[in-house]
Structures are given as C-alpha cells and as structure tokens.
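*Asks:* Produce the complete structure using the sequences and hints provided.
First to last, the sequence lines map onto chains A and B. Here the first sequence is numbered in the numbering used here, starting from 1 and rising by one per residue. Here the second sequence is numbered in the numbering used here, starting from 1 and rising by one per residue.
Take these hints with a grain of salt, some might be off.
The list treats identical chains as interchangeable, and a pair is accepted whether it falls inside one copy or across any two copies.
Stated by the list, open to error - Here are the simulated lysine to any residue pairs, SDA-like style, with alpha carbons at most 25 angstroms apart:
1. K407 / R23
2. K32 / S165
3. K407 / N74
4. K142 / S165
Calculated from the structure, these hints are not laboratory results. Bear in mind that the values here come from a model prediction, so they are computed numbers and not experimental data.
2 protein chains.
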Amino acid sequence: MKNRLLFRTPFDLHQNDTLDIERHKRFLSKSKMIRLHYGFEKIDETIEADLLSMPLEHHLFEKMQEIFDGKVVNAIHGYPSENRAVSHMKCRDPYDEFNQKEIKKATQFSKNCPFKHVVVVGIGGSNLGTEAIHLGLSRYPKNREIYFIANIDPRNTEDVLGHVSLKDTLFIFCSKSGGTLEIQSNLELMKELYQKMGIEAKKHFVCVTTPKSPMDDSKTFSDIFYMEDSVGGRYSVTSMIGVLPLILCYGEEVVIDFLKGAHATDMTLLEKDPKKNPALMDALLAYWNSTVLGAEGTLIAPYAYDLRRLTSHFQQLFMESNGKSVTKDGQFTLKKTQNIVFGGVLTNDQHSYYQAVHQGTFHLDMTVVGFCESHSKVNIENDHTTLHQKLNANLLAQSIALATGQKTDNPNTTFIGNRPSRILMMESLNAFNLGALLAHFEGRTIYFGFLLGINSFDQEGVQLGKRLAKDVLEKMKSPKKDPLISHILEW
Amino acid sequence: MKNRLLFRTPFDLHQNDTLDIERHKRFLSKSKMIRLHYGFEKIDETIEADLLSMPLEHHLFEKMQEIFDGKVVNAIHGYPSENRAVSHMKCRDPYDEFNQKEIKKATQFSKNCPFKHVVVVGIGGSNLGTEAIHLGLSRYPKNREIYFIANIDPRNTEDVLGHVSLKDTLFIFCSKSGGTLEIQSNLELMKELYQKMGIEAKKHFVCVTTPKSPMDDSKTFSDIFYMEDSVGGRYSVTSMIGVLPLILCYGEEVVIDFLKGAHATDMTLLEKDPKKNPALMDALLAYWNSTVLGAEGTLIAPYAYDLRRLTSHFQQLFMESNGKSVTKDGQFTLKKTQNIVFGGVLTNDQHSYYQAVHQGTFHLDMTVVGFCESHSKVNIENDHTTLHQKLNANLLAQSIALATGQKTDNPNTTFIGNRPSRILMMESLNAFNLGALLAHFEGRTIYFGFLLGINSFDQEGVQLGKRLAKDVLEKMKSPKKDPLISHILEW
Chain A
1 MKNRLLFRTP
11 FDLHQNDTLD
21 IERHKRFLSK
31 SKMIRLHYGF
41 EKIDETIEAD
51 LLSMPLEHHL
61 FEKMQEIFDG
71 KVVNAIHGYP
81 SENRAVSHMK
91 CRDPYDEFNQ
101 KEIKKATQFS
111 KNCPFKHVVV
121 VGIGGSNLGT
131 EAIHLGLSRY
141 PKNREIYFIA
151 NIDPRNTEDV
161 LGHVSLKDTL
171 FIFCSKSGGT
181 LEIQSNLELM
191 KELYQKMGIE
201 AKKHFVCVTT
211 PKSPMDDSKT
221 FSDIFYMEDS
231 VGGRYSVTSM
241 IGVLPLILCY
251 GEEVVIDFLK
261 GAHATDMTLL
271 EKDPKKNPAL
281 MDALLAYWNS
291 TVLGAEGTLI
301 APYAYDLRRL
311 TSHFQQLFME
321 SNGKSVTKDG
331 QFTLKKTQNI
341 VFGGVLTNDQ
351 HSYYQAVHQG
361 TFHLDMTVVG
371 FCESHSKVNI
381 ENDHTTLHQK
391 LNANLLAQSI
401 ALATGQKTDN
411 PNTTFIGNRP
421 SRILMMESLN
431 AFNLGALLAH
441 FEGRTIYFGF
451 LLGINSFDQE
461 GVQLGKRLAK
471 DVLEKMKSPK
481 KDPLISHILE
491 W
Chain B
1 MKNRLLFRTP
11 FDLHQNDTLD
21 IERHKRFLSK
31 SKMIRLHYGF
41 EKIDETIEAD
51 LLSMPLEHHL
61 FEKMQEIFDG
71 KVVNAIHGYP
81 SENRAVSHMK
91 CRDPYDEFNQ
101 KEIKKATQFS
111 KNCPFKHVVV
121 VGIGGSNLGT
131 EAIHLGLSRY
141 PKNREIYFIA
151 NIDPRNTEDV
161 LGHVSLKDTL
171 FIFCSKSGGT
181 LEIQSNLELM
191 KELYQKMGIE
201 AKKHFVCVTT
211 PKSPMDDSKT
221 FSDIFYMEDS
231 VGGRYSVTSM
241 IGVLPLILCY
251 GEEVVIDFLK
261 GAHATDMTLL
271 EKDPKKNPAL
281 MDALLAYWNS
291 TVLGAEGTLI
301 APYAYDLRRL
311 TSHFQQLFME
321 SNGKSVTKDG
331 QFTLKKTQNI
341 VFGGVLTNDQ
351 HSYYQAVHQG
361 TFHLDMTVVG
371 FCESHSKVNI
381 ENDHTTLHQK
391 LNANLLAQSI
401 ALATGQKTDN
411 PNTTFIGNRP
421 SRILMMESLN
431 AFNLGALLAH
441 FEGRTIYFGF
451 LLGINSFDQE
461 GVQLGKRLAK
471 DVLEKMKSPK
481 KDPLISHILE
491 W
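*Replies:* Next comes the structure, spelled out in structure tokens:
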C-alpha cells in the first residue's frame, strides 16, 4: 500500500486543463492565513487521493501530537542521542510560563536599554532566522539598528565595528550550548576593545543561552536571557534568540504580533484534513516531488524583497533537519532524503539562474511565495498597473511558463515545460503573517521528516568538522610544521 | 575514447593515502595567483591522465582561441540565435580602445561627480556581479556609498530611498538592451520623485547601455556610458556595468588593480598544460564530478566574509551559462548539463546546511575558496592562534572530514565519508586577486560549456516568463476579470 505513489503516472502539465479554473479551485489547501495553490503540480485526482490518505496511514497526527504533548521525540531508538522533547512551539504559546516570563523581561529590558545599536553575535541557528525575520519586518519603524557577527572571519567583526560606536552599542551573545568557538572568540575580542577604551565591558554585554551553560555567568554579562534546551537552534527564532533582538529593534507590539502569527499556524498543524492544513499539504507535495519523482533540488521563490534572507534560513531549516541518512530506528535509510535547497529573491532571480529552471536538465520541488497586497508607499502605477501588480504578474507567469512550455521550430527557444510548482499566497506581509509563514515552513519540515522516518531535530553531521578543526588548530600551534597544512594553507 | 571516463572506478577517499603529502603535491594546478588543490577529489593517476588529455582531444584551446580572436561563437548552428562574438575579456585588456576610453571617461566623471550616494538600478547580470565585487572590495576605503535596486518589488526602492537623500544621489540605470521592465518602471518612479521636489532629474541620472539602445538618450541622462553588445550580462562586471559604480565607490586605482587581476587570469586560459591553467583544471573536475559521477549540486564555499554575495553571482554565471538542454548544433543533449549551484559564506554555513553535506544523500561538486593571509585589523590572537588561522583550520578540516568520514558504533554519528572537494587558495583578498578569482570562474564556466558542447553565452530560457508576464499584465488591465488571476492573486 505505502509505495503505491511510486506506480502512479504523474499528471502531464501540457494537458489542456492545466490552466482550468476548476482544477485550481480543487487543488487548494487553505488556512485563515495561507492559501497553497497546487494546480500547477503534476497531480490528478487519483494522486491527490493517495497523498491525502498518507497522514492517517503513516500516523502523522499522532507524531505531531507527541510534540505538542512534550514527549521525547528528538531521539534515535536504541542509540545514544539528544533524547529530549521539541518545544519551539511553546515559545509562542501564550500559556507557556517559561517563555512568557522571558518575553516580559526582554520588553522591560528594551524599554530601559540606553544603547542605540545592537550587535547580535550568533552563528547558524542563532543567526540566520533572526537576520531573515529582522529584514522581513523592515517595513516597520525601527527603534534601534541591528548588526550581525556570524562568522569567525575577523572581516565580519571589522565590518560591523565600522558601523557602530562601541559606547552606544549593546552586544547580545547568542549560544545555546554556551561553548561555540566563534562566539567565544568574538567575546574575547570585544572584551579587549572595551578594556582599551577604559569602559566596563559587562554593561554592554548580555547573552541568550540555556540555564547553567558555560555562558550562564553573571560576571561577564549584565543580563542573561534564557531559552530551553529542547528548542533546536534552527527552530529558535521565536525563542529569546530571535525575540530579544527583534524587540530591541521593532518594539514589543510588532514582535508579539509576529509570535501570534506563528502560534496561529501551530494551531492548524493538527487539523486532520490536509486541505485545511497547508503545512501538511506542502510536506506531502514535497514528498511527491522529491522522494517519489526524484527532484534534485528544492526551490523557495519569495516574491518579496523583504524576504531576501528567508531562503538562507529555510536552507538551514530543511537541510539541517532532514539532510540525514539514518532513520529514527537507527537504520540507514533506502530513500533519498532532503535534497539541495536554494532560492533568493524574485524578480532578480528570474534574470539569473531561471535560465536553468526553465531549460536545464534537473527537476525541482518548487514553492513560490507571494502576497496579494503591498504595504509599500512607493507602489506607483504606470501603464495602468502598479509595481506590485507587475511583481505578481511575474509570479503567476513563471508557474504558467514552467508548466505549459513553448513549442517552436527552433530547439533553442523551445521550452519543454511540464515543470511543476506550487504557489503559497498570503494577504500581505505584516508581522502576524510573517510569523504564520515561518511556522508554516517549520511545520512542513517536521511533517516531511515524519514522512522520511527521520529525526528532524538533531544535527550530528556538523560535529565531525568542528572536532577536526580543533585537531588542525592544535597542529598549527606546534613548532613542528605539518606538511599538509603548510602545503595547502601557506602561500 | 571520449567516454572512457565513464568506465573508470573513482578513487576511494577512505584509502590511506588520501592525506598523503605526495598525493597533494601531485594533484595541484597553479598559476601565479591561484592554487587549485585537488587531492581530495575521487581521482587517481589514471583518471587524472584521462582528464588531462581531454582539452586537446576535444579541441578546447581552439575554441577558447576563437573567443580571443573575436569569432562569432555565441550562436546555434542552423538556427536563428544571438550570432555574435564574446568580448568580456576585452573589457580588461589594456590594449582595447573601446573599453579603455570608457574607463577614462568614468574616472573623469567620478572626479567631478558632486554626489555622495550612488544608486545602481540594474537586475540580474546588471546587479549580482557588481554587488558581489562591491562587497568583495569592502576592505578598501570608500569615496561614496552604493545602494542597489534590483527588483520590481516597490519595497526594494522604498528601502533604498530610506538610506539616501535624493539631492545628494546619483542614479545609474543599467540595462544592456535598454528595455528592461524593472529598469523602466524605476526610472519613471525616480523622475516623478525629483519632479515633486522641483529638482531637474536629468542631472542625477546617468546610464550604462549599448550604443543606440532605447536608453541611449541624452534627453533623459546627463551622461551615457557604453558597453558592447557582445558582452553578456552575467559576464559584464568588468564592463561599465560594474566599473562605473566601482570607480565611484573605490576610485580608479583599486578598480584598475581589479581589472589587471582579471586580465592576468585571462592570460592563463590558453596555457596548454591544465596543471598551469587552474580554470581549465577546475572545469575538468566539475565535468568529472557533475557529468560523469552525477553530482546533483555544485557548492562554492568561500571562507571569506567579504565574498558573501559572490556565490549568488556564480549561481547566475554557471546556471544561466550552462543550464541548457540544446547543444551548439541545435540538438537536444543526452547529457545532464549544469546542476544546481549554491553556497553562502563560511563558517556560518558550516553551522547550517553542512549537516546535509556531511550526512545527506546527495552528491556534490564542491570548490572551497580560501586565502592564506588576512588583511583584517582585528585579526587578534587568542589561545595561540589568530581568528584567520581558526577560519582556515575550519576550511581544511571540512575537506578532511568529508573525505575520510568517521566510523562509530552509532549509525547516527557515523560519517560515510568519500565525499570529494577541491580547495582553491590565493595569497590574500586584494583587488588584483579578486579580479583574478572572478576571471577564473568565468574561464571555468566557458571551458565547462565547451565540454558539454553548449553555447554558454545566450539565455533564451529567461524569455518565455517575461513574455507571459506581459500577457498576465494585459489581462489585469482589462475590466473583465480573468478567473485564474483573481483566484490566485486576489485575497
């Protein structure tokens, strides 16, 4: 039963009814915030019926319920593993005491904070989400400017220090474990710089970490904000990792709206009908395109300039969560898991790598993200349409072009077509909807992991490189030169 | 003969000599600027010999010579096509009159330009390269700040206008064809804004275009800078498209150094021995990994914060050039062509999608880019190594980890290994070397196109979407609503 999808013939998008309005009315999954249009996917009613039956058949709702219930789902059965619950959804739950207390503390802190610049020192999960959401909210007025140090390369630090004055700056050091190499190195550097200026560094330093981590240290930091150990780095935007800097920048009201939006999507995740649960439907379609049809890549295409860093965050979210080879039972999987995730910002990308999307030789699982209305004050009309209408005309035209293609006598101007995509629309890009969108893709990631049988919450794959980097560093310190290190790293 | 690579057994990187210094001394291609280390690739002496024989066997040097000779190489035989020469390398040739004249003009213009802000309005090939190189040079002092409008989304324009004051701003409208929708719409908008302020817009407007294009119009622009029609958008960074804004920002001296570096790499492209022609060797290894071994993606991993936008440029360069299905003879190819290109900036990426790079289920063609020395003033030493040494320790450790893997009793902490990569090192990131690096990847792209039998210089694949966007826009203007447009684009 479970593999019957493998024996379905995909719908051919060259067929006449690809653009039929009845098809598009049928192939729609929607919540109050999100409409996921999948009429441009290679599915027909039979394939859709198979997809819709999968959640019950594979017990996906029980698995999601376990997360809501705080069960230990971050685990590999029979082997040592992180062995804990998954609690990022609690971060935006208005009834959760731990996080609500931290949100109140951050709001109070922000009101009293005398500094006009904020530098967030964090890497990976402590950087990409905050940076993406920070830009996503940029249409709102800012109380403070935020800068990011996310790299061990000293040029990153130098660049940021060129934009701020140290005496006016708050540094937020973000590290869940409290032991990240990049964070520690930058902490040392900043201590030194403040010392040289004769300023007490501690007044300028706060941190976000887990209780009792090495950074939970009131000698170094004037304030310490907490996240729970059960919130994974790439799921931590709605924890203090993201919320503290965002409140300092945009104020409490905007950030609470953002959290409410994320919570609103969370509340749809247990909806049994995938046509009312867009995150689940999105995961089922990702499974169809990637795992069944073998797409080499996942393209997320936001038609919104303010979402220009969101794809980097989703690249981490998807690839770090599901880019694995071992199932929850500790078996090497026979399936291809998460493929390559990429995307930037449209319409710039249309003038760039879309050549290969239309006429190249690979398959994609593609989700277009758009907004019906614009909040821009310069959304002028020329030639009888606004800039935002022109943007959205491009959005729709791409899905049509990819699906239907173009026959010509010149092979070089021929478009084979039959390339699927789906379109996720929201009303407009406000804080609430941005939260809902973030939680949508978190939900999709978790459901996709369930379908693959994978633990989407650990990240053992980033550990070996860290350990070997320490080995290389030890060899660099030794007076006896290592020939391979000298050969490659010295000019 | 030509397919013998298909029947070679790839070198297994688990073997003991993977880390052997003699292997790494042998598997090295170098020019004065670039050292391409490929000891971490799945090749042995037999496979290397096959790769090294390909350039002569496939007449690659004759094809490259045709470009230098100005032959019409941008063509599809037997079908209408762009039918022109490929002249981006002339842009940095000190003996080329057309471009040298424009460079002098830009220098003079920059000296007399009274404005302190520059806004570059350009998209795709008129944006990504300039933005990437602009950041790549950011360690040099700036004469003016540059901002970019590269999207039809009005939020892009609004965001930039929030950072500049119109009376102090020069707008450079960049469009090779002179008819790009995004550029025209933004031109109209800026005209309106200046008019409202009672300022003559023309004084603030210059453009870069081809002679006699619709934008070659001295009524709208106070100065017009020219590029040749034979310079493709994605190859145009060293034409006025990139050079004019870069001179306004960094001054003549830095930009001339950058052009000299690009020219220096161009001068290596006809070197017959691939071991002295790193761009060619890079292309041969890309062919081995992608076309022969079937890698789903190409990862470019720069260990330099200042190169954080370079991968977006290379994504366009590679995918728009070689993401095609038709050969130069107008035949549909039987080969997989350019795969998905991605990458960001390390070490941040190591904490992000590297999980999937190490433990995921796809294959990559991977080039790491690093620099032996740092120019940073905050390259402090702690724990006996500098930040830059820590950066480079990470660089080398990743290639070792990917190649050798890790055996454990826990499948979840097991790294299968045998994942190839190559390391491109330069002495330091200065203007000259940045030019050399850019030209290296342009050269690699062209050689890779030769190996695929593809015309790397046209981009028919971006046309259909543009045309259909116009159709959708026409329907939007009509009083009679189109049901599909309403259903998807209206809330």
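*Asks:* All hints, please: hold or fail.
*Replies:* Now for the hints, and whether the structure bears them out:
no., hint, result
1, K407 / R23, "within (23 angstroms within a copy, 51 angstroms between copies)"
2, K32 / S165, "neither (44 angstroms within a copy, 40 angstroms between copies)"
3, K407 / N74, "between (50 angstroms within a copy, 22 angstroms between copies)"
4, K142 / S165, "both (18 angstroms within a copy, 19 angstroms between copies)"
Hint compliance for this structure: hint 2 alone is broken.
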